[in-house]
Amino acid sequence: MKMPAMVRRRMPTLLVLALVLATAGILQLTNANPAASQSLMLISRAASSDPGLDPNAAVWNESASIDVPLTAQQQAYPIGGGSIATISAKSLHRDGNLYVRVEWTDATQDDSTLKVENFSDAVALEFPASASATVPSICMGQVGAGVNIWQWRADSQVGHGDPSERYPNLWVERYPGDGPEFYTARAAGNPYALADGGPVQDLVAASFGNIGPAGSQTVQGQGVYQAGKWAVVFARPLNPGDASLTAFHETGTTDLAFAVWDGSLSERNGQKSVSAFVRIHIFPGDAGGSATPAWLIALGLLVGLSGLGVGLAVIGTRSGAK
Amino acid sequence: MAKVYNWQLGREMDYRFDNGNAKWQFAAVFNTNRCIACQTCTMACKTTWTFSPGQELMWWNNVETKPYGGYPQNWDVKVLDLQEKANPGGQVWDRSVPLTTRAPYGTFDGKTVFETADGLTKMVTGYTPTQEEWKAPNIHEDSATKFPKDGVQLPVHDGWFFYLQRICNHCTYPACLAACPRNAIYKREEDGIVLIDQGRCRGYRKCVDACPYKKSMYRPNTRTSEKCIGCFPRVEGSDPLTEGLPMETRCMTACIGKIRLQGLAKVDDAGLWVEDPTNPLYFLVHVEKVALPLYPQFGTQPNVYYIPPRWVPRDYLKQMFGPGVDHAIERYSNPSRELLAVLQLFRASQTIVFSFKIEKGPKIQELSLNGVVHEIYDDVVVGYDSQGREVVRVGVEEKVFERPQQFTMNTI
Amino acid sequence: MASFSGVRAQDHNLREWSLARVHLETLAVWLVIAVAFELVILRTLTRVAIHVPGLGAIAGPYEMLADAGRFAYYVATVLAVVVAAALAVAAWQVGTAGGRAMAAGIASLILAAALLRAGPGLGEAAALNTLLLAALVLVGIGAAGMVGARMAIAVVLATLTVALSGIFSVGQMWASEGTGHGLSAGFLDLAEWAAIAFAVSLPWTAGSVSSSSRRPAISGAVAATFVMVVLLGNPHTTRFLLLWTHGLTGSLPAIAYAVAAGCLVAVAVSLHQRGMALAACGLLLLVGGGVAMQNTYQSMLIGTGLACLALATSQRQARTR
Numbered sequence: 001m002k003m004p005a006m007v008r009r010r011m012p013t014l015l016v017l018a019l020v021l022a023t024a025g026i027l028q029l030t031n032a033n034p035a036a037s038q039s040l041m042l043i044s045r046a047a048s049s050d051p052g053l054d055p056n057a058a059v060w061n062e063s064a065s066i067d068v069p070l071t072a073q074q075q076a077y078p079i080g081g082g083s084i085a086t087i088s089a090k091s092l093h094r095d096g097n098l099y100v101r102v103e104w105t106d107a108t109q110d111d112s113t114l115k116v117e118n119f120s121d122a123v124a125l126e127f128p129a130s131a132s133a134t135v136p137s138i139c140m141g142q143v144g145a146g147v148n149i150w151q152w153r154a155d156s157q158v159g160h161g162d163p164s165e166r167y168p169n170l171w172v173e174r175y176p177g178d179g180p181e182f183y184t185a186r187a188a189g190n191p192y193a194l195a196d197g198g199p200v201q202d203l204v205a206a207s208f209g210n211i212g213p214a215g216s217q218t219v220q221g222q223g224v225y226q227a228g229k230w231a232v233v234f235a236r237p238l239n240p241g242d243a244s245l246t247a248f249h250e251t252g253t254t255d256l257a258f259a260v261w262d263g264s265l266s267e268r269n270g271q272k273s274v275s276a277f278v279r280i281h282i283f284p285g286d287a288g289g290s291a292t293p294a295w296l297i298a299l300g301l302l303v304g305l306s307g308l309g310v311g312l313a314v315i316g317t318r319s320g321a322k
Numbered sequence: 001m002a003k004v005y006n007w008q009l010g011r012e013m014d015y016r017f018d019n020g021n022a023k024w025q026f027a028a029v030f031n032t033n034r035c036i037a038c039q040t041c042t043m044a045c046k047t048t049w050t051f052s053p054g055q056e057l058m059w060w061n062n063v064e065t066k067p068y069g070g071y072p073q074n075w076d077v078k079v080l081d082l083q084e085k086a087n088p089g090g091q092v093w094d095r096s097v098p099l100t101t102r103a104p105y106g107t108f109d110g111k112t113v114f115e116t117a118d119g120l121t122k123m124v125t126g127y128t129p130t131q132e133e134w135k136a137p138n139i140h141e142d143s144a145t146k147f148p149k150d151g152v153q154l155p156v157h158d159g160w161f162f163y164l165q166r167i168c169n170h171c172t173y174p175a176c177l178a179a180c181p182r183n184a185i186y187k188r189e190e191d192g193i194v195l196i197d198q199g200r201c202r203g204y205r206k207c208v209d210a211c212p213y214k215k216s217m218y219r220p221n222t223r224t225s226e227k228c229i230g231c232f233p234r235v236e237g238s239d240p241l242t243e244g245l246p247m248e249t250r251c252m253t254a255c256i257g258k259i260r261l262q263g264l265a266k267v268d269d270a271g272l273w274v275e276d277p278t279n280p281l282y283f284l285v286h287v288e289k290v291a292l293p294l295y296p297q298f299g300t301q302p303n304v305y306y307i308p309p310r311w312v313p314r315d316y317l318k319q320m321f322g323p324g325v326d327h328a329i330e331r332y333s334n335p336s337r338e339l340l341a342v343l344q345l346f347r348a349s350q351t352i353v354f355s356f357k358i359e360k361g362p363k364i365q366e367l368s369l370n371g372v373v374h375e376i377y378d379d380v381v382v383g384y385d386s387q388g389r390e391v392v393r394v395g396v397e398e399k400v401f402e403r404p405q406q407f408t409m410n411t412i
Numbered sequence: 001m002a003s004f005s006g007v008r009a010q011d012h013n014l015r016e017w018s019l020a021r022v023h024l025e026t027l028a029v030w031l032v033i034a035v036a037f038e039l040v041i042l043r044t045l046t047r048v049a050i051h052v053p054g055l056g057a058i059a060g061p062y063e064m065l066a067d068a069g070r071f072a073y074y075v076a077t078v079l080a081v082v083v084a085a086a087l088a089v090a091a092w093q094v095g096t097a098g099g100r101a102m103a104a105g106i107a108s109l110i111l112a113a114a115l116l117r118a119g120p121g122l123g124e125a126a127a128l129n130t131l132l133l134a135a136l137v138l139v140g141i142g143a144a145g146m147v148g149a150r151m152a153i154a155v156v157l158a159t160l161t162v163a164l165s166g167i168f169s170v171g172q173m174w175a176s177e178g179t180g181h182g183l184s185a186g187f188l189d190l191a192e193w194a195a196i197a198f199a200v201s202l203p204w205t206a207g208s209v210s211s212s213s214r215r216p217a218i219s220g221a222v223a224a225t226f227v228m229v230v231l232l233g234n235p236h237t238t239r240f241l242l243l244w245t246h247g248l249t250g251s252l253p254a255i256a257y258a259v260a261a262g263c264l265v266a267v268a269v270s271l272h273q274r275g276m277a278l279a280a281c282g283l284l285l286l287v288g289g290g291v292a293m294q295n296t297y298q299s300m301l302i303g304t305g306l307a308c309l310a311l312a313t314s315q316r317q318a319r320t321r
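Protein chains in written order, with my numbering: chain G, 1 to 322; chain D, 1 to 412; chain F, 1 to 321.
Please note that a few of the clues may not be correct.
[Said to hold, decoys possible] Once the Cα atoms are required to be at most 35 Å apart in a straight line, the calculated DSBU-like pairs of lysine-lysine come out as: (1) D/Lys-135 with D/Lys-146; (2) D/Lys-289 with D/Lys-85; (3) D/Lys-46 with G/Lys-115; (4) D/Lys-360 with G/Lys-115; (5) D/Lys-23 with D/Lys-78; (6) D/Lys-111 with G/Lys-115; (7) G/Lys-115 with D/Lys-85; (8) D/Lys-149 with D/Lys-111; (9) D/Lys-266 with D/Lys-46; (10) D/Lys-85 with G/Lys-229; (11) D/Lys-360 with D/Lys-258; (12) D/Lys-289 with D/Lys-399; (13) D/Lys-258 with D/Lys-135; (14) D/Lys-289 with D/Lys-3; (15) G/Lys-115 with D/Lys-135; (16) D/Lys-111 with D/Lys-85.
Just so you know, these hints were derived from the structure itself, not from any lab. These numbers come from a predicted model, not from an experiment.
Bound-form chain G, shown alone (with noise of 0.2 Å):
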C-alpha cells in the first residue's frame, strides 16, 4: 500500500512539526521556559559587613548600581510623574537580610505633609508576590499573580504629622479628647496613619485601587537627603515567613520594578514615575566572586565560532566570485 504522493511528500515536515508540538506540550506540563529574560539585572552580592539601614555605609562600595530608566505612569488614572528620569539601585545582602539602596535625583526635600498642599517624596519597590506565577521575560504573570511593594515616604520618615512637630509654639488650651479613637482613621486600624508605624510600609496589591497593607509589616528603611539627591535603604529578611509576600533565595532570580514620586510637583498614588521590570539576581559570593573559567572557554568558542562563520563566508565570495 503506498502512500499519496502529496502526503509521502509533506510526511517531513509534519514529523517536524509533530515533534514541535510534543515538545513544546512536555515543557508547558514541566513548567519550564525555554527562553530567558534579557532585561536588566540588578545583582546582590553577599556584604563583608552588615549594612545597617545607613545608606552611607562604606560597605554600600561593595556593590554596582544600575541604572533604571523611569517614565510617567499612563496606564491607569491619576496618570502622571516623569519628572525623574533614572533611579539608581545596589542591592547586597547579608545573614539572611535583602537590603536594596535607590538613590535619585531630586531638587527639593519634600518630608511634610502638614499642609493639605504638600506632598511627600516617596520610593516604591515591586516584586511579583510569589515568583511562581509568573514565567519570567514577558509577563506571563497575570493568572492571580499579585504584587508586593515596599513603599517608602520621607514624611512618614520625619514625624507622623502632629501640627505642633512643625509649629513648636502652638497652644491650644484644651482638647476634649486626645484618646486614640479621636484620631478616626487610627481607631479604623490603617496602618497608614499609625503613629508608630515606620516610613516603611509593606503593601500587597492584585490590581488598581485595591492596594492594602500586608500582613505582616518586615520592611525596615531610611533615607537621606543631601546633595539634592535622596537615598534610601530598605531591608527585609529573605524570608519574611508569609506566604502572601515575596521570598528570596540565596540564589535567584526575581523581578523587581522600582516607582518614585516627587512631593513637590504634587505627586501621589498613580501620579509617579515607574519603570519597567528588571530582575535582581541574588547571588551567594561576595564581590570577590567572578566568572568561572568554563563559561570564558564557552565565550572563547562562541568568538572563535563566529569568527570561523565570517571567514568561511568571505572564502565561500571569493571562491563563488571567481
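Add chains D and F to chain G, keeping to what the hints say.
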C-alpha cells in the same frame, strides 16, 4: 464613563459610575432669609465631631458671608473660574424647555465638573485650596458690597450681603467619590450619606481637589481626609438619644434661627425623587420650588436646598442657585396657604418629619403689601415620623403665653 | 506579477528547497501562526483582561485561554529554534558572503540563547547578551548583503533598530556588573524612529503595493485605521501594551504608528499575493519580535524574521545548481 440623569440639570451627564443604589436621600432646606450667622450650627458640629488634634482647621459646617467670605477662601468663584475657562461662554441654561419634575429649572447646556475633566489626570475639574485658604473660616464676616447713604429697600438692596450656611451636600453624584482612586468613598444605600472609609483612605487628597464645595478636608496627623458624616447615627436612628427614630443632624437641631429643615427623600433607581407631596422636602423643592440647589451647574446634584435671600441682586443669585431664583423668591414672598404652613415645620421637631398634613384653620388676617392682598389663615401643620406617628403640631399663628406672676424675674 | 520592483521573486526556487525534505515555508507559516496566537492571547488579551471588572465570574474560560496562549508560546519558542536552524542551513547553501555571514550569525544566536538559558553567573550575562546582540547584527549584515540595494535599505533599518535598543540594554548590563557606564535612554528613542522608518520604507524597498489587486492597499488601510482608533481611543492602555509587547514607547504621534502598521500589513499581503509567503512571514516575525531586547525568544524571532526576508528576496537563488 457612565451616563446618569441629573434632574437639576434636566439632562443626562457623564459620571464615572452608574447611578448608585441609594433608596433614600439625605436632604435639607436652608432658609437664608432667616439666618443671623450666630454659628450655633458651626459650634454644634465642631464640638460633636472635629475637636481633636489635627482637626483644628476643619469645619464640616460653616456659615460664610457672601459675596466676599468663603471657607476655604473664594472656593466658589475659583471653581466657577475653572469651569468658565474650560468652556468659555458656554455655561448657560436653556429655559425654553418644558419645566417638569425631570427638568424643573430648564436644561443646563454647559459642562459639569465631570465633563470638563480629561478622565486621566483628573476625574473632576477642581483645585486644592492651600492651608492658608482654610485658616480663616469666617473671613469677611458681615462685609457688605457697599453702604448706601440713603439706606436700602426691597426688592433688591443696593448694598448687600447674606449668610450662606454650608455642610456637605451628600451629592447624588459626589465629585469626591468619582475622584478617589482608592474607591475609599461610598454613598450609603439607606440614606445617601457620603462617607470616606477611614480604614481605606491613603490621603491622596483627590477628594479635596475634586469636591467643588470643598467639603472634604485633610487631617495631617492621620494622613487621611475626613468629611461631614451627616450625623449618620442620628439619621439612621441608632444614636441612643434618638430612641430608634431617624433624627435630624446636630447642625440642624441646634439652629436657633429655625432656618433649617432636614429629612430623607425617597429616590428611584434613576436618582429622581419619588413623587410625595406630603414629604415636606419634596413639597418645598418640587411642588413649591421655593428651595434651590447650590451651584447646580457643577453637576453633582447637591442635596442641600436654599431658599434664596430676597434682597440680593438676581444675577448673583442665579449664578449661585440656577435659573429657578425668580420663581423661588416670588413663591417665598407671596406664599401659598400650604407653604406658609409647611414653613412652620422648620425646627418644630428633632425627629425627622417624613410626611405632613395640614388642618385648615380660620382666616386671621388680611393685609396688602405692594398692592398684593395677603390672606393669612391659622392653618395647623401636623408632622409624622418614619412610623407615621404624629410628632409635631404647629399653627401658623404663633401662640402668645403670659408668664405667671411668680416668674417675673428673668430666670431661664 | 504586477508592477513589482526592487525584489526579484525567486522564492519559487526556495520553495522547493528542503532540509531533509522538510518544507521550510510551511514551518515558517506555522511559526507565524503560533507567534500570532501567543501575541494576541498571551501578550495582549490576558494583560488587558486584568482590567476587566468581574473577571472572577469568567475565571474558568479565562484560565483556559491563558493556558492556550501559553501553549502557543511554547510552540513558538521551540519552532523558532527549528526554523532558525533550517534558515541557517539554507543561508549557508546560498554560498555568498552574505549567506554565510547570516548562517554564522544564526548559529551564534542559537548558541548565545542556549547559554543564556543555561543560567549565566556573575559577569557572564552582559557578555552573553553582547554576543547575542552581535549575532543579530551579523544576521542583519549578512541579510543586507544577500538582497538587492533597495531591500538592503529595509534590512539595514531593521538591523539598526535592533542594534540601537540592544546597545542601550547591553550598556546597562555592563554597568550593572561594574564595568562601563549606563547609556542614555536616547538610544531607545532612536531605535523607535528606526523601527518606524523600516516599516514606512517597505512599500518602496520591498516592492510597490500598487499591484493589480486592491487587497494590499485595503488591508493596509484597515490596519492603519485600527491602530489609529485604538491608539486614540484608549491611548494609555494601548501604549502600555505596545511597550510591553514590542518595546515601543508610544511617544511618537499616533499617526506614525498607524502609517507604519498600514505599510507593514499592505506589503505583507502584497508579498503573499505574489507567492512570496516566506518574505511575508519574515515581516510578521519581525513584528512579533518587537523593538527592545526583552528575551531570547523575541530575539530569535527577530533573527528568523531577518533571515526569512533575506532568503525570500535574495539576489541569488538558494541551491539551484
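Checked hints:
1. Between the alpha carbons of D/Lys-135 and D/Lys-146 the distance comes to roughly 26 Å, so the proposed pair stays at or under 35 Å and holds.
2. With a C-alpha separation of about 31 Å, the suggested pair D/Lys-289 and D/Lys-85 falls inside the 35 Å cut-off, and the hint holds.
3. A distance of roughly 20 Å separates the Cα atoms of D/Lys-46 and G/Lys-115; the hinted pair therefore holds under the 35 Å criterion.
4. With a C-alpha separation of about 57 Å, the suggested pair D/Lys-360 and G/Lys-115 falls outside the 35 Å cut-off, and the hint is violated.
5. At roughly 33 Å between alpha-carbon atoms, D/Lys-23 and D/Lys-78 fall within 35 Å of each other, so this suggested pair holds.
6. Pair hint D/Lys-111 plus G/Lys-115 holds up; C-alpha atoms about 31 Å apart against a cutoff of 35 Å.
7. The suggested pairing of G/Lys-115 with D/Lys-85 holds, with an alpha-carbon distance near 27 Å, which does not exceed 35 Å.
8. About 42 Å separates the Cα atoms of D/Lys-149 and D/Lys-111, which puts this hinted pair outside 35 Å; it is violated.
9. Between D/Lys-266 and D/Lys-46, the direct Cα distance comes to roughly 29 Å. Compliance with the 35 Å bound is thereby established for this hinted pair.
10. Restraint check: the Cα-Cα separation between D/Lys-85 and G/Lys-229 comes to about 38 Å, which exceeds 35 Å; the hinted pair is violated.
11. Restraint check: the Cα-Cα separation between D/Lys-360 and D/Lys-258 comes to about 23 Å, which is no more than 35 Å; the hinted pair holds.
12. Note on D/Lys-289 and D/Lys-399: the hinted pairing holds, with a Cα-Cα distance of about 29 Å set against a maximum of 35 Å.
13. About 28 Å separates the Cα atoms of D/Lys-258 and D/Lys-135, which keeps this hinted pair within 35 Å; it holds.
14. For the hint linking D/Lys-289 to D/Lys-3, the alpha-carbon distance of about 26 Å falls within 35 Å, and the restraint holds.
15. A distance of roughly 11 Å separates the Cα atoms of G/Lys-115 and D/Lys-135; the hinted pair therefore holds under the 35 Å criterion.
16. For the proposed pair D/Lys-111 and D/Lys-85, the alpha carbon gap of about 11 Å is at most 35 Å, so the pair holds.
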